[in-house]
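There are 2 protein chains.
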Amino acid sequence: MDYSSMSPQSVKELIRKGEITCQTSGMCNGYAQANLCILPKELAFDFLLFCTRNPKPCPVLEVGDVGKKEFKFMAAEGDVCKDFPKYRIWEYGELKSEVTDISDYWREDFVYFLIGCSFSFESELLEADIPVRHIEECKNVPMFNTNIELKSAGKFHGNMVVSMRPIPDELVVKAVNVTAEMPRVHGAPIQIGNPETIGIKDITKPDYGDSVTINPGETPVFWACGVTPQNVVMQSKPPIAITHAPGHMFITDVKNTSLKF
Amino acid sequence: MDYSSMSPQSVKELIRKGEITCQTSGMCNGYAQANLCILPKELAFDFLLFCTRNPKPCPVLEVGDVGKKEFKFMAAEGDVCKDFPKYRIWEYGELKSEVTDISDYWREDFVYFLIGCSFSFESELLEADIPVRHIEECKNVPMFNTNIELKSAGKFHGNMVVSMRPIPDELVVKAVNVTAEMPRVHGAPIQIGNPETIGIKDITKPDYGDSVTINPGETPVFWACGVTPQNVVMQSKPPIAITHAPGHMFITDVKNTSLKF
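Chains as they are written, first to last, in our numbering: chain A, 1142 to 1402; chain B, 1142 to 1402.
Read the hints as simulated data drawn from the structure, not as lab findings. Careful: at least some of the hints might be erroneous.
Any copy will do: because identical chains look the same in the list, a pair fits if it lies in one copy or spans two.
With a Cα cut of at most 20 Å, we get these calculated PhoX-like pairs of lysine-lysine [claimed, not checked]: (1) Lys1213 x Lys1223; (2) Lys1280 x Lys1210; (3) Lys1396 x Lys1346; (4) Lys1158 x Lys1227; (5) Lys1223 x Lys1210; (6) Lys1237 x Lys1223; (7) Lys1346 x Lys1378; (8) Lys1378 x Lys1396; (9) Lys1346 x Lys1210; (10) Lys1401 x Lys1210; (11) Lys1378 x Lys1315; (12) Lys1197 x Lys1213; (13) Lys1342 x Lys1396; (14) Lys1237 x Lys1209; (15) Lys1182 x Lys1210; (16) Lys1158 x Lys1237; (17) Lys1292 x Lys1209; (18) Lys1209 x Lys1296; (19) Lys1378 x Lys1209; (20) Lys1296 x Lys1182; (21) Lys1197 x Lys1401; (22) Lys1292 x Lys1223; (23) Lys1158 x Lys1182; (24) Lys1280 x Lys1315; (25) Lys1296 x Lys1213; (26) Lys1223 x Lys1378; (27) Lys1210 x Lys1292; (28) Lys1237 x Lys1227; (29) Lys1292 x Lys1213.
Work out the full structure: start from the sequences and follow the hints.
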């Protein structure tokens, strides 16, 4: 099945039915994808402030009203409990389980946060004739923890997570320019070619996602990643949090072009 | 005294001493200015969410930690209770008083919000040889209530306020381009040349600030304005809120150029 040219509605129907539970890179070309973090209202101000202070890894696309599972802006209809292919349940910073539906976990005091995802700009990279390796290799994007400490806010603190794409040397500047236009889905890279300066010791061993081939003549390029909130949850240890599983995103009804500044 | 070429530190010292209590347009060229809204923690999530949902009129530059008067990011030192030339105290949406120091009103549960201000891009307009009429006429910028309903969030709802600058017809496109680069201080205009479509009946009678001359061959251009939170406070009627007086801004230590995307 070629999901790249399918509509968000069609793909989400398959996700809701549990027929797609895999990662979503390359699906529904041209449409923005989103990361998820769900927290109780009591922690929502601190977390929204954390995102406001760290817009590069945590660009807020939408925040739900307290207790509401329905999307307000990024999708015409849907249910935040069913529309991601896979979720992670966290207690005091520890991963408790992975599930494909969180309806049974939902609480009336929960607030969901949709955060921009770099999968959104991959169709723009392809459009500009810049190859995207993990799509070519049918894998999840490689993601790494870094030593980049973020600005804390109330109970939340932690380090940035990045995604990596190997880019042919002569296309690196083009890749910067294409993605810089889209700050709401992480924008321009945060590091080019020097993984060790951001604390990445082994580029072949990602902390999340899959390892991909880096060919001679290619530079590893690092973008801020929406898995950052999971790292922040691990480090800040809130009593309860629900996130998506890395790479298993929400496909919005909003085109990337409408997220450009 | 020519405040336009003075440093933010020098001007703020005069403001703290009560020697400057006037509006700040044209002061400290090149440095970003900021609007203010202070609310109790209890309302802070709703208000931050309101700003997140309405980034054009309410671009958040900084949010203080609960109870903290010291700036974290936009200024090296200072006191949110003294560093604006004039404040407004609001109770249940009614203006109770205007003061030049709010130290006596400060509460341990207060959170301050600094919001981007269009005064920030005026030096960029001047640099591009685009005249700024209210600076030429030594006045406050004219500001208007509009019929543009904003996205509500929790207890907060209301309409957008805009600032108006008459721009020579042949420079309108240039003015759009110059300001579009600065989304954190309201960015590109929201209306060009048709005040009635956004509910402005009489362009010579601003709701806030001063009236300025519009010459033949000039188009009135409207930018989203950081007085919007005051309008939202009037419409949403929180028990207590403190804002700056329109035009009487905080001058940050951050250069406009560093706020560009």
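Going through the hints against the structure:
1. Lys1213 x Lys1223: Cα proximity of Lys1213 and Lys1223: one copy only (16 Å, versus 39 Å across).
2. Lys1280 x Lys1210: For Lys1280 and Lys1210, neither the intra-copy (30 Å) nor the inter-copy (49 Å) Cα distance is at most 20 Å.
3. Lys1396 x Lys1346: neither (33 Å within a copy, 40 Å between copies)
4. Lys1158 x Lys1227: Result: close within a single copy only, 12 Å intra versus 58 Å inter.
5. Lys1223 x Lys1210: Classified as within; 9 Å inside a copy, 43 Å across copies.
6. Lys1237 x Lys1223: Classified as within; 18 Å inside a copy, 49 Å across copies.
7. Lys1346 x Lys1378: neither (25 Å within a copy, 54 Å between copies)
8. Lys1378 x Lys1396: Answer is neither; intra-copy 34 Å and inter-copy 36 Å both fail.
9. Lys1346 x Lys1210: Neither: 36 Å inside a copy, 45 Å across copies.
10. Lys1401 x Lys1210: Neither. Shortest intra-copy (26 Å) and inter-copy (35 Å) distances fail the 20 Å Cα cut-off.
11. Lys1378 x Lys1315: neither (39 Å within a copy, 49 Å between copies)
12. Lys1197 x Lys1213: between (23 Å within a copy, 18 Å between copies)
13. Lys1342 x Lys1396: neither (36 Å within a copy, 36 Å between copies)
14. Lys1237 x Lys1209: neither (24 Å within a copy, 36 Å between copies)
15. Lys1182 x Lys1210: This pair counts as within: shortest intra-copy Cα distance 14 Å, inter-copy 25 Å.
16. Lys1158 x Lys1237: Neither way: Lys1158 and Lys1237 sit 23 Å apart in one copy and 57 Å across, limit 20 Å.
17. Lys1292 x Lys1209: Between copies only: 16 Å across, 28 Å inside.
18. Lys1209 x Lys1296: between (23 Å within a copy, 16 Å between copies)
19. Lys1378 x Lys1209: Neither: 24 Å inside a copy, 24 Å across copies.
20. Lys1296 x Lys1182: Answer is both; intra-copy 13 Å and inter-copy 14 Å each pass.
21. Lys1197 x Lys1401: Classified as both; 14 Å inside a copy, 14 Å across copies.
22. Lys1292 x Lys1223: neither (32 Å within a copy, 26 Å between copies)
23. Lys1158 x Lys1182: neither (29 Å within a copy, 41 Å between copies)
24. Lys1280 x Lys1315: neither (23 Å within a copy, 45 Å between copies)
25. Lys1296 x Lys1213: Result: close only across copies, 17 Å inter versus 27 Å intra.
26. Lys1223 x Lys1378: For Lys1223 and Lys1378, neither the intra-copy (25 Å) nor the inter-copy (37 Å) Cα distance is at most 20 Å.
27. Lys1210 x Lys1292: between (29 Å within a copy, 18 Å between copies)
28. Lys1237 x Lys1227: Within one copy, since 14 Å is at most 20 Å while 52 Å is not.
29. Lys1292 x Lys1213: between (28 Å within a copy, 10 Å between copies)
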